[in-house]
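**Q** Okay, here's what each chain looks like letter by letter:
There are 2 protein chains.
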Amino acid sequence: MRMVDLIAKKRDGAALSSGELGWIIEQYAAQAIPDYQMSAWAMAVFLRGMDAHETTALTLAMARSGAMLDLHDVAPLTVDKHSTGGIGDKTTLVLAPLVAAVGLPMAKMSGRGLGFSGGTVDKLESIPGLRTALSGAEFRRLLREVGLVIAAQSGDLAPADKQLYALRDVTATVASLPLIAASVMSKKLAAGADCIVLDVKYGSGAFMRTPEQARELAQMMVNIGQLAGRKVRAVLSSMQQPLGCAIGNALEVREAIGALRGGGPPDLIELCLILSGQLLLMAERADDEATAHAILREALASGAAWAKLRQMVAGQGGDLAYLDEPTRLPCAPVQIALPAPQAGYISAIEGASLGLAVNALGGGRVRKEDTIDPSVGLVMQARVGDQVYLGQPLLMIHAPSMAAVEAVVPQLLAAYQFSAAPVAPPLLVEAVIVL
Amino acid sequence: MRMVDLIAKKRDGAALSSGELGWIIEQYAAQAIPDYQMSAWAMAVFLRGMDAHETTALTLAMARSGAMLDLHDVAPLTVDKHSTGGIGDKTTLVLAPLVAAVGLPMAKMSGRGLGFSGGTVDKLESIPGLRTALSGAEFRRLLREVGLVIAAQSGDLAPADKQLYALRDVTATVASLPLIAASVMSKKLAAGADCIVLDVKYGSGAFMRTPEQARELAQMMVNIGQLAGRKVRAVLSSMQQPLGCAIGNALEVREAIGALRGGGPPDLIELCLILSGQLLLMAERADDEATAHAILREALASGAAWAKLRQMVAGQGGDLAYLDEPTRLPCAPVQIALPAPQAGYISAIEGASLGLAVNALGGGRVRKEDTIDPSVGLVMQARVGDQVYLGQPLLMIHAPSMAAVEAVVPQLLAAYQFSAAPVAPPLLVEAVIVL
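Residue numbers (the numbering used here), protein chains in the order written: chain X, 1 to 435; chain D, 1 to 435.
No wet-lab data here; the hints were simulated from the structure.
Keep in mind that the hints are not guaranteed to be accurate.
It does not matter which identical chain is meant; a pair holds if it fits inside one copy or across any two.
[Unchecked claim] Straight-line alpha carbon distances no greater than 20 Å define the calculated SDA-like cross-link-like pairs of lysine to any residue that follow:
#1 368 / 2
#2 9 / 48
#3 9 / 49
#4 9 / 170
#5 9 / 169
#6 9 / 33
#7 9 / 47
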């Protein structure tokens, strides 16, 4: 087999066989196929697409390029959750302790933020002392003892995906549905969970701009999961405005703590219940959604979920004093309101612009090597559909300096659109994809 | 400017500006854009195409990536010729001395063979002593003194094209019309000729399979030439069977010598007259094709063209004894006929298969580093349209051993198709493209 022939085959629109895709990934992981051939192939895939068989074959090949975790010796059934990424998405921080509290062990590998989107690992690391670089033995021990562990994505899992993703990032081949599906699912399959819920986001603050794209991606990933023998469901959720109010690492941790302690923004709580509910249904811990939601609401109300987060943070070395008094978490020196530039109903909030503004404030990464400032970010004071008067605070800016504030204000203002007529708030969840 | 954004722009089907293409080539030549980005861009160009402005901008950027020859201090007007490559194409060996003999100085840079197609430099080097690696000073001196020089493509000319071509070759992005046009024309523009004739070949032995593709490519290249202020015309010629009879380096030199000494296959002579005639018309040495052809026929008949080849070979260090007695040129130890496997009219001769067979005999290159055996090759004894009896020799195989013969026979036989009914020979020249 020669890579140049396989590139030509895909370039001409033909489907590659499982054997051919397996060979490509194996050779690429072994550095026997150079990046310049892989990127030409990725562009051909981007423009010519891949069918369901190809996508599954690619996923399995990438999953098998490294360690395949088997956690059944630690827990008979584990669950996992993945979000395709959005602005202000602190769902994992609430959902993970919630499902663990109702008896579904979760051993999760999470990523760091890049571009306009944040990452769970960065958020968790704003808690002083908390470690996410865990050894395999620690990971298993915490799963056994706490029933919940969140570690930084290990390089051992799906290393071919890691290699290919880094290449796609610099060759304009990220936004390909089959490549995204294969990337997400290869890591999820390698991480070993039995039941996986996918939060596939659409809208201005997500990679998928429309519900139709999100549905196509969700369907692909659910299919792959089934072909690989796992239970997988997907929720299509709106990122037409950021989720909850806080955007920024420590700010999001505070909001998540609030949600676990009986408060929290209603959209965040609702999405967590819907995603967690699907995990309960897949794990056969509830017969219907209403029962599942009742179990979960009880775990929130009783403080069981909050207690589970404390256990997890303590287990991973985090200082509970910061969790119990979230005002002690890193705070930005400048906190200032962004006044509404006009009166009216807010008709749109462009999430990607807010995410990039947080990046510009120092809260995210442009390149992987960048360090981040956990204290900075935004806290929204108004949502799509709200009526505001001229000068009413749209959001609070948490910044390192006034100069930093001034630099992002134009971008922030440009993220808002106003309407004279009332505007209906966007639907939070479009559909649940069950095979 | 960021390369990843320019890749995305082309990926999405937009046209790149002259400034953007200039930047890409400049940065790529300076090694500031890595191969993996360039190959993703090339695949996007392959699948999305480029318009006339983009193709011209790319061509000029590649031409300007190295030295731009200006030969006007040596000769007020120089001519050049390029073929898109075919099987048995020894046209340059006849045409170059022919036009130089009638007073059109030709300073030509030629390539080596790769894949199924041969190269003029390899052919010339089968003459003992002859050097094609010439310094700039030698090149100019020979142009001044002889009016004819053929050198191996210098690395100084259009180095960005050389770099990109090597990358396209291993990333399945060769067969893109705009990229082919830009590659050819960047070298021709950099080589400094005032009048350029292009021999754009189509058929089973050429890169372009159909006259329509060849016409599109020819039109692109003629347009580029005009936009760059040169006189350029293109001839669409058939490669539905090899040109002339000989395929293989020394064998083709022998055939070219025959053509310059009053013999030679009629199709070779005809194509040389048509291409040379266009050069005479562009250089305003003749008012019409008939006059041009009369001038050229006279130069062949008088021995002036033959004398010019001898001058050139002597000037470049070649031993004239081999030219004057071509039987002394390298000879293969085994020479054996390929008998017709059936009686009938020959309806097709697949040139690419014959070219690959010569490669397999050792006469061509699979990789650039390969060395070649100048002695081996094929001499066709029958052409499309000829009626043959069972066992009649279709061609002579010149091989290093009987084992080598046996290895290529199945491939050679597969190149022939036969018909019970008479078959018309293919048209040699489809059209001349004049802007």
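**Q** Name the hints, by number, that the structure is in violation of.
**A** Of the numbered hints, all hold.
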